[in-house]
Structure formats: C-alpha cells, structure tokens
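S.K.: Those sequence lines, one after another, are chains A and B.
With my numbering applied, the first sequence corresponds to residues 95 to 638, in that order.
With my numbering applied, the second sequence corresponds to residues 95 to 638, in that order.
Calculated from the structure, these hints are not laboratory results.
Keep in mind that the hints are not guaranteed to be accurate.
The list cannot tell twin chains apart, which means a pair is met if one copy fits it or any two copies do.
What the hints assert, rightly or not - Within a straight-line C-alpha distance of at most 20 Å, the following computed EDC-like cross-link-like pairs (lysine to aspartate or glutamate) qualify:
| # | residue 1 | residue 2 |
| --- | --- | --- |
| 1 | K603 | D320 |
| 2 | K539 | D148 |
| 3 | K603 | E312 |
| 4 | K587 | E389 |
| 5 | K587 | E119 |
Every value quoted in this text rests on a predicted model; they were computed, and no experiment measured them.
There are 2 protein chains.
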Amino acid sequence: MARVYLDADEGIRVPARRIRVGGGEPPLLVYDTSGPPGHDPRRGLPPLRQAWIDAYGGDRIESRPPTRPPEEGAVPASLCRPRVLRGNGPITQLHFARRGVITPEMRFAAAREGVEPELVRDEVARGRAILPANINHPESEPMVIGRRFLVKVNANLGNSAVGSSIDEEVEKLRWSCRWGADTVMDLSTGNDIHATREWIVRNAPVPVGTVPIYEALERVGGSPADLSFEVYRQTLIEQAEQGVDYFTIHAGVLLRYIPLTAGRVTGIVSRGGSIMAQWCLAHHEENFLYTRFGEICEILSRYDAAVSLGDGLRPGSLADANAAAQFAELDTLGELTRTAWEHDVQVMIEGPGHVPLHLVQVNVEREIETCGDAPFYTLGPLTTDIAPGYDHITSAIGAAMIAWHGAAMLCYVTPKEHLGLPNRDDVKTGVITYRIAAHAADLAKGHPAAKIRDDALSRARFDFRWEDQFNLSLDPDTARAFHDETLPKDAHKVAHFCSMCGPKFCSMKITQDLRKEAEALAGMEAKSQEFLDQGGRLYVPAAE
Amino acid sequence: MARVYLDADEGIRVPARRIRVGGGEPPLLVYDTSGPPGHDPRRGLPPLRQAWIDAYGGDRIESRPPTRPPEEGAVPASLCRPRVLRGNGPITQLHFARRGVITPEMRFAAAREGVEPELVRDEVARGRAILPANINHPESEPMVIGRRFLVKVNANLGNSAVGSSIDEEVEKLRWSCRWGADTVMDLSTGNDIHATREWIVRNAPVPVGTVPIYEALERVGGSPADLSFEVYRQTLIEQAEQGVDYFTIHAGVLLRYIPLTAGRVTGIVSRGGSIMAQWCLAHHEENFLYTRFGEICEILSRYDAAVSLGDGLRPGSLADANAAAQFAELDTLGELTRTAWEHDVQVMIEGPGHVPLHLVQVNVEREIETCGDAPFYTLGPLTTDIAPGYDHITSAIGAAMIAWHGAAMLCYVTPKEHLGLPNRDDVKTGVITYRIAAHAADLAKGHPAAKIRDDALSRARFDFRWEDQFNLSLDPDTARAFHDETLPKDAHKVAHFCSMCGPKFCSMKITQDLRKEAEALAGMEAKSQEFLDQGGRLYVPAAE
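Pulled out of the complex, with its shape left as it was, chain A reads as follows (with noise of 0.2 Å):
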C-alpha cells in the first residue's frame, strides 16, 4: 500500500493510496485522508494550501498578529502561527462558488471524489455541499461534504476533566485519519483547551471543528449564567484564527423551545444545547447565538469557517425520536441557514441522535425540506438504547439507513459512548464501523466508484488471493490477525479454504473445481440458455 498522487490539473497532486492486488489485475487507488507521512508532530504539517490561498486571496486578505498571543511553554512557537488572515469581507469557497469561480480546493476535491470540478463548484454554490477551509489552516487537504458526493465521516477528539493529555488527542487524531476520518472534532472540555487545540490545527490534514461554547464556558469558570456574547465572539475569532474550519453553533436552542423537552425521558442530551438552555432560562432572553447569529456569520465569512448548527434539543432516546422540540429547532435551523447564505457562509445541518429504524427516513425527508437541502451532518442515529458498550453497532445500522437516504456525513460513536472516554482502539473501532455505515450508504446509493472495491475483494477471495483480501480490507491489520488465529502459517494464505470450513467443505473451493469442467460447463451453459428461453425469471436491480 504505496502513497501515490492523482494529477488533478494546474499543478494540484491529490494524494490517494495504491493497493497493489495480484491475480493479474490492476491495483487499486483509494481515498486516502491519512495526510502526509513522516511528519513530526511537533513541527506540523506543511501547508499544501498556501500558495492557493495568497493567490486567490491577494488583497482580500490581510495579515496579522494572532488576536491571542501564543503562551509561553504549552505550545512551541514553531507550532504557533506568528501570523493569522482574516478577510475584507467574504472569502469563502461559497462566495467564490457563486461567482462562477473553480477554487484550487474544489479541484482538489472533485479529483479526491471523481468527479469534475464544476459539479463541486455547481453543489457547494447551491448550499447542498460544502467544503470547509478556514484559511488559517492551509495543513488541510479540500474535501467536499454533500450528498451528491461520497459519505464522510467524522471523528470526535477531545480530552474532559477526567481524562486524557495533548499528546493523546495529537496521537488520537494521527490515528483516526490512518483509519478514515474524513473530518475531526475537537469536543475538549478540560485544561489546556486553546493549546490542545493549536496542536490539533496544525497536524490535521482534514476540516477541524469545534463547539466553541465549551471554552467560552471555561473562559467564565464553568457557570453558563455567565456567558455572554462578547466571550463568545472573543473565542470565536480566536479559534478562526487558529484555523478551525467548522463551529457547531446551537443558534437552535430557543427560549420557547425548552419547555418541549420537560417531559422528555432524557430532557436535553447536547453540551451545547444544555448551556444554551440555561443561559435563556437564567437571563430569562432568547439564546444570543440566535439573535446575533449574523454578527456570527459576519466574523466567519472573513476566515471560511463553515456553520454546523447544532441541534442542540436532539433526541437523547429513542422515546424522545422525532417528536416536538427536535422539530421546533429544525425549523429555527431553517432559517438560519439561509441567514449563514446571506453572508456567504457554508452551512450544514447536525442531526439526532437516536431514532428507531421507521422514523429514520423522515429525518432526512424534513431536514432537506426545511434547510434547504443544506448537508446533513448526523451522529448515528442509535437505533435501540439497550446496548451500552455496543453503540458503535447500535448507531452503525441508523447511520447507514440516513446517510443512505441523504446524510453527506456521519459523526462516528465508538463502543465507550455513554460510558466512558474513547481510547485509541475504541478510536480505531469508531472509525472503522463508520467507514462500513458510509460505504454501505454509498453503494445503496449508486456511486460508481463505491462498487470497485467490493468486486476486488470479492473476485479476491474467491480465488483464494488471501493477502489481496486482507489488503483490500478496510483493516488489513485485524483480517490478518484474525485469519492467523487459526492457520498462522504463510502456506496458508495461499491455501484453497480457511480454517470456517476446513478443505473438504469450502464452498468456493468446489465451485472453482466445478468450473474446471469444462465440458460440463459448456453442457451448463447450453441448459442455462434453455431455461432462460424458456422464461426464466430473471431480476435486474433497479441501480444497474
């Protein structure tokens, strides 16, 4: 599995991952997210983007010294950004996209995905993708997030109060987009949290985002009573100018909305949303992220700092699914979105949570309507919450169903929600089983690049090629392990059966000994063309 780079024109190399496969076929290129290898986390990754951005900005962009000066000690000055841009006005792929403009990132992004550049521009200007790329993170490779494209999948990073140093989450982040992460968050609450974050910016070769309610609350000791918007605002330019490239903003959570979720069996399960809550209950005002969201959007739209709004009165259970409060806020969402278009801001949309398999599909069907088929960005939903220590699983089959019906991302959950901090193997479980969710959604859906791979696998292992199996896996590393659990020995990765069935009773095994016959096969084949003269039933799916 080499590093290989996809020319995508005017000197944009796109990076993809070359799995070599025997059999006499051709190797395989993969989406690649891992970033560039070999890099030392404490010095960052370089910044592919640059370039673009001085080109494209030119004097639309200003130069300057960070808002907050970098701390002494937490974060070596190497790491640190001496200088930040901000825009004189709009400088977001949205406002380019509109104005008929080709970005080098969406280039890059429609090289990633397969498709042609202008169908990246043509969505991201219709709000149905967006392509987040704060300026102030040039480390980042574009990727695009819209149903029209492939499924992406988010990995929350983070330390809280009870667990976790800097050095784990970088390790955690490295780690999750080995595996496939498409985007990250970093969701931390604790100590450190500004630092935490520089170290995360600067090694991300994907989006970063955050919920920057969460330092502003640290930045008032805790107390949500005491926020106010000029904390916030504050936070907010100063994470814009470390270059996070979304904010989850619960602008949703309405004064008149908090009374719907009394008698909800989990009340109100969002951070953000329950700070928001209390704040308006406390001062007794309606949500300040609601009523100077177009300040908001102002500060955004000179760093291109997507919106996610956050849906902050979701569904803690499946008791709580679909029912009013969840609904109130995403007609509230609705409107917002188009006040982000109003000022050139890419926006989209989070969604529950947990909701039972037959209430899944509206969830898309009224998101779509309602925001204007602004990207929906869900976490799971779990669709049973009798499973602790399996809401990987539990989220995996809704996440699957939605993404399918027109979620553009996923925000994975790994077997600790609900219970615990993730560590880096329920990081890695997180990943994976979300990748499975996307890539399931995909083919259900149609793309044309998501069947290659399948097919490789599956032509793969009925020839018995088992180490193009394992390589073509989305983890080779635990096929492999598994598969020498029983028959450890390399004779055996060549060998015509596994250890499931034994030699005698592989199925493929005789199947592939059947088609040696030739003879019988060409007697097959004319009993085959009988039967099918004689009208045989026959099904075509309807994709094909």
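Start from chain A and add chain B according to the hints.
M.R.: For chain B alone, kept in the frame of chain A given last:
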C-alpha cells in the same frame, strides 16, 4: 438478575430473567434463553417437554431403540437416549395447529412473547410461523419463529476439520444461549460429527438445526459424487432420532440453475449448495433432495423436525445480489414450501447473504410472495464486502433492515466470518450484535414489548443510575468494564457524570439542574403552551 417463572396455565412455567431496577421503578422481566442453570453438561438438561409429548402423543407415537446404537466411549450412556420416539403419521405442531389444538408448546411460546396462545396456534396453522420442537428433543424450551413475533437470532456452532473439540462446542452452545441465541445450528464437518451433535442436543435449551448433507458427505468419504439419497435418508433419520429440530435442506439447487452461477463473481458460496451442484453435474441428474422431497417430508413429519429450505445459490458478494440464480431458486423454494405443508411439515426459508441496502427490502417482498409467507430466515445480509474482520457489523446493518421488513429469524455473523472459526469471544460478539439488530427491528415494527427496556434504560441513564444502566443492557459485563476503565471507584457509580464529558459539561446533569428550578419550569410550561397555541409545528410518529 434472577431467574423467575411466568405462569402460563395448565402447570406450564416459563422462565424469564428479572432485572431489579432502582429509582422506585418496578423490576423488568426479559425473555431468557439461557436454560435451566447449574446443570452438569455431562448429564444434559432435564426433559421439560417429555410429559407434554407423552400426553398429546399417546398412541400416535411409538418408542423404539435408536437406529444407530450409541458409540462406545465417545458419548457416555447417561447422555445417549436409550429409546427414541417416532410418530405413526404426522406429529407436528403444524398438524395440531391446523386441527385447532393449542399444544403446551404453543402456550409456552405465547407466554414468552406476551401474546395469546391462540395467536401462536393461528400463525403456525397458516404457515406464517413455525415452532421447532422435535419430539426427541424434550430438553428444549419452546419458541416461535414468525414475523408477528419477536425477531429471533440463530448462532452457528460446530467444529471443522481444522479446529475445535466437542467440549469447546458444548461450551459455545451454553455461551450462545447465555447471551441470547434463540436457536443454534450445529454445522460440524470434522471428526466426531455424530457425537458432537448428541452432546449439543442434550444440552440445548433452544431448538437445534443442522445441515444433514454435511454428515452424509463425511459418510461417503468426502466426495460429493458418491452421495446418494439412501445415505442422506439414513443420516436424516439418525439426526431426527437425536432430536434435531430443523434441517437445512438445499432442495432448490436444480440442475438447470447451476449454469446461472457460472458468470457470478463468487460462484456458489453455500457449502450445501456447492455439494449438491457438484453431485448434479457429476451425474447429470436432478438434485435428489428435490426429486425425493416428498419422502423427506414424510420422514420429518414423524418427528416434527422442521425444514429450513436452504438458499444454496445465495449471493456471496454484493456483485451477485438479487440476480437470476438466486431468484430462480427462490421460485423452487416456493414450490417445495407447498409440498412441506401438504405433509404437515413446518417450513422456513433461508435468505441471503450479501445484499446492498437498496436491494434488501425486495428480498423480503419476493420471499413472502413466492413462499406463501413462510418465515424468512436470513444470514445478515452483509451490506458491503470490504470489511473482513467486521462482518458482524456489515451484516448487522442488513439484518436490522431485513428483519424490520419482515424476516423472522437472523443467523448471526461473527467477526471471524470469511477468515476462520469463531472462538468464544467471537460467538458472544456475534450474538450480542444480532440481538441489537433483532431488537432494532422489533422497535421499528412497533412490537409492544420492545420499547419497555429501552425506556427503562434511558430513564436510568438520565437519572445517573449507573448500575441500572449496566444491568438493563444486553451485556452488563462490558458496559460496567468500560465505565470502570476511566472511573473505577464505586462512588462513580452514583456520580452525576462520566469521563466522556466530565462533571461540568454533562448535559443530563445540566438538564436536571434546570428541572429543579421549579419556578422557571412553571414559566417554561406557560411558554410552551403559548408556543403550541400559536400553532407550533408538532410531529407525531406514525407508530404511536
């Protein structure tokens, strides 16, 4: 978690598991397949159903020495049945149901499901449900498989020539039932195939299925061409005398369908299907399981062994899903279903395999239409081929979907699928994963009993009753262990937070604080009413 017994009239006592819950809530009773506790596997389980069988059997049943005498040494005499039962004509649950008789088995199964016995009788009589209950397996606790009932899960056991001993397989059986398998299939293909099965049946509190062609093939030295109906018939009778409750029979693999698999990416992936295909081609004769199916049914009807019509031509890759061979065979399974019913034999239909999400629903619809609504018993289906090592997850996604649309029983898939023989941990992971898929489907179907446990767990979660949350989960050991990883102290089991968000950012804690502000709440409710009075848009889920 104590074992309790529900009273189902007529002296029938149905085991259940009682989960004690705090917070002033009543205990929760849950379906329990773990069987009588504390029994020595070397002695087998008590014969729960013997008196019932004796009573309804009367002179309809003859008792006689086994066709195959116990093997010296291999199985202790205490475990071998010195006499076996055989009906003088049909002795099946279908036979009784059609005549309006509610058997003790139906009464027992109804109490387990929380439905009226008449519903079980009626569904069995229609052929829309089966109640597998071989009269030579009195140790089994009755359960019903059909789409009007809770979705069931099967776990596969069985050694192959490459691994596993008898003791291991019996331990896997007990382990599977402990975690919630509703039936097990013994798919042994290695040595001691007959003895392994005897041990499994005598210790199985759940119905046991097999694929008799495997043992028949061992008897003829492993060469499919050497098989004959006589060998098969002998095998079938001996297994029916052992007490096997259902037999997978690949009678739909017709000579003329085999050529339809020639162009497939993965040919034939069913072991039984490939064996029969090889036999057909070697002899250029029609599959004897098809031509002699009437005789087979006549035998099965005398023991009440059910038929599970095997899908020998199921797709082994997404590329082969829903294509000609699969649906041609399904048509034949429909024909065979009617033959089984003519003999009063209970029948279910096996289904795929590997199917992309958008082609799942049509599989159920065609099965229902083609096979007269006989219960559909599916393996997964896997919704992508690219994740060996995680196929419990790729398939749980398809399994939840297909069960929601009407599949009655799901055959589990473990993480070792395609790679090797599952060990104890894999079996547990497979069973829990499939319990999740089955439960997600029960919820989506609106099964009245399904939601109770979810709601109880969600309330426990919201109230920070950690021990309740663990105990109400499908796998309390794992949930507790995960929580212990970061917060091992007993005090943390009553803490109002976990390490995921830490104490300050716990949304549930904040919401609880909110609710305590009684005055504010009064204001909330007024606000809420105001919102609703203004025509606030609400959503009522269709199922409620």
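S.K.: With 20 Å as the alpha-carbon cut-off, assign the pair K587 and E119 to within, between, both or neither.
M.R.: For K587 and E119, the Cα distance is within 20 Å only inside one copy (18 Å; across copies 55 Å).
S.K.: As a check of your reading, is K603 near E312 (CA-CA no more than 20 Å) within one copy, between copies, both or neither?
M.R.: Between. Shortest inter-copy distance 17 Å satisfies the 20 Å Cα cut-off; intra-copy 62 Å does not.
S.K.: With identical chains treated as interchangeable, where does the CA-CA distance between K539 and D148 reach 20 Å or less: within a copy, between copies, both, or neither?
M.R.: neither (38 Å within a copy, 56 Å between copies)
S.K.: Since the copies are identical, ignore which copy is meant and state whether K587 and E389 lie within 20 Å (CA to CA) inside a copy, between copies, both or neither.
M.R.: neither (61 Å within a copy, 44 Å between copies)
S.K.: Should K603 paired with D320 be assigned to within, between, both, or neither, using CA atoms and 20 Å as the limit?
M.R.: between (70 Å within a copy, 18 Å between copies)
In summary, the numbered hints that this structure violates are 2, 4.
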